[in-house]
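Number of protein chains: 2
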Amino acid sequence: MPQNIVVIGAVALGPKAACRFKRLCPEDNVIMIDQSDRISYGGCGIPYYVSGEVNTLEELQMTPYHTIRDAEFFRVNKDVKVLARTKVESIDRQAKKVLIRDLTTGETAELPYDKLVLAMGSAPNRPPFEGIDLEGVHTCTTLDDAQAIREAVAAGSVSGAVVVGGGFIGLEVAVSLADMWGIKTSVVEIADQILPGFLSGNMVKIATHDLRKNDVDVFCGEKVIRIEGENGKVARVVTDKRTIDAELVVMAAGIRPNTEIARAAGIELNERGAIIVNDRMQTSDPDIYAGGDCVTVPNLVTGKPGFFPLGSMANRQGRVIGTNLAGGDARFPGGVGTWAVKLFEQNAAGAGLTIESALREGFDAVNVHVEGFDRAHFYPEHTVMALDLVVERPTRRVLGIQGTSSLGDALVARINAVAPLLQNKPKLEDISNLEVAYSPPFASAMDIINTVANVAENVLEGRNHTLDPDEFAVMWQNRESGSCTFVDTRLASNAESLVEKYPGQWLSIPLEEMEQRLDEIPEDKTVVLICNTGLRSFESQLIMNRHGRKSLSVQGGMASVTKQGNEI
Amino acid sequence: MPQNIVVIGAVALGPKAACRFKRLCPEDNVIMIDQSDRISYGGCGIPYYVSGEVNTLEELQMTPYHTIRDAEFFRVNKDVKVLARTKVESIDRQAKKVLIRDLTTGETAELPYDKLVLAMGSAPNRPPFEGIDLEGVHTCTTLDDAQAIREAVAAGSVSGAVVVGGGFIGLEVAVSLADMWGIKTSVVEIADQILPGFLSGNMVKIATHDLRKNDVDVFCGEKVIRIEGENGKVARVVTDKRTIDAELVVMAAGIRPNTEIARAAGIELNERGAIIVNDRMQTSDPDIYAGGDCVTVPNLVTGKPGFFPLGSMANRQGRVIGTNLAGGDARFPGGVGTWAVKLFEQNAAGAGLTIESALREGFDAVNVHVEGFDRAHFYPEHTVMALDLVVERPTRRVLGIQGTSSLGDALVARINAVAPLLQNKPKLEDISNLEVAYSPPFASAMDIINTVANVAENVLEGRNHTLDPDEFAVMWQNRESGSCTFVDTRLASNAESLVEKYPGQWLSIPLEEMEQRLDEIPEDKTVVLICNTGLRSFESQLIMNRHGRKSLSVQGGMASVTKQGNEI
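Protein sequences appear in the order of chains A and B.
Just so it is clear: in the first sequence, position 482 is 482 by full-length UniProt numbering, and no numbers are missing.
Just so it is clear: in the second sequence, position 151 is 151 by full-length UniProt numbering, and no numbers are missing.
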């Protein structure tokens, strides 16, 4: 007798699980239920629809082969029945049926199931600000949201916008509004940094500077108090520190799992309301599977429950559920949190823990920051990439990696090489020996991914005494105190302009001349060595070491100082 | 008492080992010996110097911070002594000294060592063809070679060139000569494919077509018999199949380890003449280390001895040797063979075994070929990438991956994600679940790297009945036999021109209409389904399956057919 599979939710995981199952069990019945008739869309594409890079909403609903994935598509091509504009009111686990309500007619009905899939996804947080319901305040999750925002900006009536939340969606939307529509955009983030939990300190500064340089205001550690309107339309956003004029507000202040019906049915949730599943994506009820934004899966770096609301996770989990519905034994062990985001000139990407999250998790961790070429330095089209590596000090275990680069694919090529290893507790030497594809147009013989591990080892062993670019910035700001000597180890021609600008404060001693000119460096001051990326200053430090002289080398050098927007 | 370290060879591994050691043990003595005074250069950059993309030879000898790495550089910056234009005649392991000869004066001397590093690299094969010593016949390993080739082409006297050998260097030089100098270039390769052992069949066809389309002739399975000259200069190359006019011949027919002095000293070599080392890079004499092109290290996929003559391997091994010379315990477990090469429009990259090498190694293996977008299909700047995955059938172990793409960084981002896993015997499901950095500008929610594993699973389980593009090409060539029906499952507008060109032979049944129009497909013929990349044809096959009809879906679809240069 054919099985009845009911899938609640038809955006990402639901359709994947349904179609995978039908491929394996073409004789069985699958019904997919969604509150909207806009189903099976690429929600991650919404910022690119807002920007206009994606022309029509239909493109987000299309297969790669240009067919709209609507109810008819699923019926004809997949033999999956879709109940659109239908809400699941409750799940009766004893009777194994769901109570549904047609949102158009209001009629209710019962639907029996043998196996149930919970794919309800997540909903954007809408904090109860005064003014949250004004016209012009949008969330950014559904195609309806996308359409509303695009219509507002296309109408030309928006000259200022506020994005509440500096996570992925918030930043992507901010870039879209500012870059493609020329709208003065501000990001207000309650945490003290953008991309909290994803990006380490050095990279945060690079990313933030990239946004600011491109006329996006970034206000971190700042709380929205209320939204003020005029004639029912949003007019300004009031934070605890300022008032920002805006005709458009996009709420991107996090999401929460859509798990009310699961909770009501007695399915086990964690304290944050996410459904707990095993590695077969089964809930506490073995006939009920769940995945995507509404579940928690293990964070394979910390071993604790993780929350990875990403379309890529949903798709892979959906396939696992489809296989298991058909009696297979597919596993989804968890995730390490691999991500990427495109800003203006810079792209950022990472995997695993940031230094801040590693310390918070109780690891005795250190962060190493390097700037280096993304391919052979003699190959004409090389670019300087920045990488941060987070390492547990006593074990030398690599906990995470983040980077920024103007070339996103090249950056992702390094992040992807480390990400799949993170769950196996790689050691620094595994990254030192990492075998990435080499040829001068694609990598260096000693690639930056190997270098960042080598530098980390030198730092851990006390062979490389470093200074973060922002520590350097503070010391430079306090230069009048006279406690530091700043030595530029680049070629004299590179140092020239700063030597002229800061006579007596900025010394030029190129690496090549360090040995001869050591006595020009005062012995009673902290010596700060700087160069373009940190290589010359490290080499200079080694020469000083050989003569019993101590120094600090600025990690990432002028490249990082400049990218972080520090004044010098 | 300070140790004396002697390093034989100063190109890649030698300097790396020497400098790493000096950082750890600044009080000890290091002497580095080389037959040339052109030392520590990026040999992998030679093709880009030949092309002119790298302007001067000095750029290949520079650090990333623009200092020439000559003997003086090593003395001043690294406190490493270099004996250039000096040959090591022999090693006396009992007395722990090497006999050296100054190549300028002819004087000999003895040099004692506590530890010795063998970094002699490799030499290009020069088969004893008639005419091999004619003017205009060059190898392509040293900076002297590079200079000679560039001078020849820059003089404008070369209108035809033959590259003997279709490996990495051969192809890179062929591209340089043809692309940047407009020289009619032919590659003659004795094996039946270019990049033998590195690239699987489907990818070979794509890469070969890219070369031919750009006016590089590729003659595989063809043997050079002799080189003919006029007035002492090369005039043509005679193979077993043709005569090719050429004023320039580049010998890139493989390399052999430079291990004569090691052999004479009784150090253990393998049957191919490479030095055997343990995972600390020690030879059979524990006071003698070796690495780079002159050693064999384990192939971590096969478990057998491997040979990876790559600058990237040499650099990483050099660091391990430097650490161990200083009393450390660094390990270099081996390699899986990760590589990349830039051609014309296409780049190729891979790791692990090809299908051909897997079968030769005795694996019951299968190759799966997919074409797919390298980022979200709705993101405007997507490109179609091709991937081949080699899988052991009974265990589902992934043995290797290769790909081609017009965007090299995007391709390498996928190869790098799989390469570091290969040594751990990953299963298909590890690649299905592989967590690569996702965001629409960088990847798909179900990324092509996950897709290739999913397709492989479907093929292995008999759920996806496929045809390689070249199998399709053969069937299409024999279409007059009438044994096959060719069904184009793309939108009618895409199929139109072929339907007109081949009336009655090329059927257009778009996926959307497959269910209704099934009876148009004859039941007594082999049904071949094709689309753009293989997705629509697979979906069409599923519909046919549901109606009990069999079919074959062309892997990679028209994308592969076109890239492989098949006529249709």
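These aren't lab readings, by the way, just hints derived from the structure by calculation.
Wrong hints could be hidden among the right ones.
Treat identical chains as interchangeable: a pair holds within one or across any two.
Said to hold, decoys possible - Okay, derived cross-link-like pairs now, EDC-like style, lysine to aspartate or glutamate, Cα gap no bigger than 20 Å in a straight line: (1) Lys97 with Asp285; (2) Lys550 with Glu471; (3) Lys550 with Asp92; (4) Lys304 with Glu271; (5) Lys427 with Asp524; (6) Lys501 with Asp245; (7) Lys427 with Asp329; (8) Lys233 with Glu222; (9) Lys81 with Glu513; (10) Lys427 with Asp279; (11) Lys550 with Asp79; (12) Lys304 with Asp245; (13) Lys550 with Glu27; (14) Lys241 with Glu89; (15) Lys81 with Glu110; (16) Lys342 with Asp287; (17) Lys81 with Glu515; (18) Lys96 with Glu110; (19) Lys87 with Asp102; (20) Lys184 with Asp329; (21) Lys241 with Glu345.
Bear in mind the structure is a predicted one, so any value in this text is a computation, not a measurement.
Quick rundown of the hints versus the structure:
no.: 1; hint: Lys97 with Asp285; result: within (13 Å within a copy, 74 Å between copies)
no.: 2; hint: Lys550 with Glu471; result: within (17 Å within a copy, 68 Å between copies)
no.: 3; hint: Lys550 with Asp92; result: neither (72 Å within a copy, 41 Å between copies)
no.: 4; hint: Lys304 with Glu271; result: within (13 Å within a copy, 51 Å between copies)
no.: 5; hint: Lys427 with Asp524; result: neither (38 Å within a copy, 60 Å between copies)
no.: 6; hint: Lys501 with Asp245; result: neither (39 Å within a copy, 62 Å between copies)
no.: 7; hint: Lys427 with Asp329; result: between (31 Å within a copy, 14 Å between copies)
no.: 8; hint: Lys233 with Glu222; result: neither (23 Å within a copy, 77 Å between copies)
no.: 9; hint: Lys81 with Glu513; result: between (76 Å within a copy, 18 Å between copies)
no.: 10; hint: Lys427 with Asp279; result: between (26 Å within a copy, 16 Å between copies)
no.: 11; hint: Lys550 with Asp79; result: between (72 Å within a copy, 18 Å between copies)
no.: 12; hint: Lys304 with Asp245; result: neither (42 Å within a copy, 68 Å between copies)
no.: 13; hint: Lys550 with Glu27; result: between (75 Å within a copy, 17 Å between copies)
no.: 14; hint: Lys241 with Glu89; result: neither (43 Å within a copy, 77 Å between copies)
no.: 15; hint: Lys81 with Glu110; result: within (16 Å within a copy, 85 Å between copies)
no.: 16; hint: Lys342 with Asp287; result: neither (40 Å within a copy, 51 Å between copies)
no.: 17; hint: Lys81 with Glu515; result: between (77 Å within a copy, 16 Å between copies)
no.: 18; hint: Lys96 with Glu110; result: within (10 Å within a copy, 88 Å between copies)
no.: 19; hint: Lys87 with Asp102; result: within (6 Å within a copy, 87 Å between copies)
no.: 20; hint: Lys184 with Asp329; result: neither (52 Å within a copy, 57 Å between copies)
no.: 21; hint: Lys241 with Glu345; result: neither (29 Å within a copy, 53 Å between copies)
Hints 3, 5, 6, 8, 12, 14, 16, 20 and 21, counting from the list given before, are not met by this structure.
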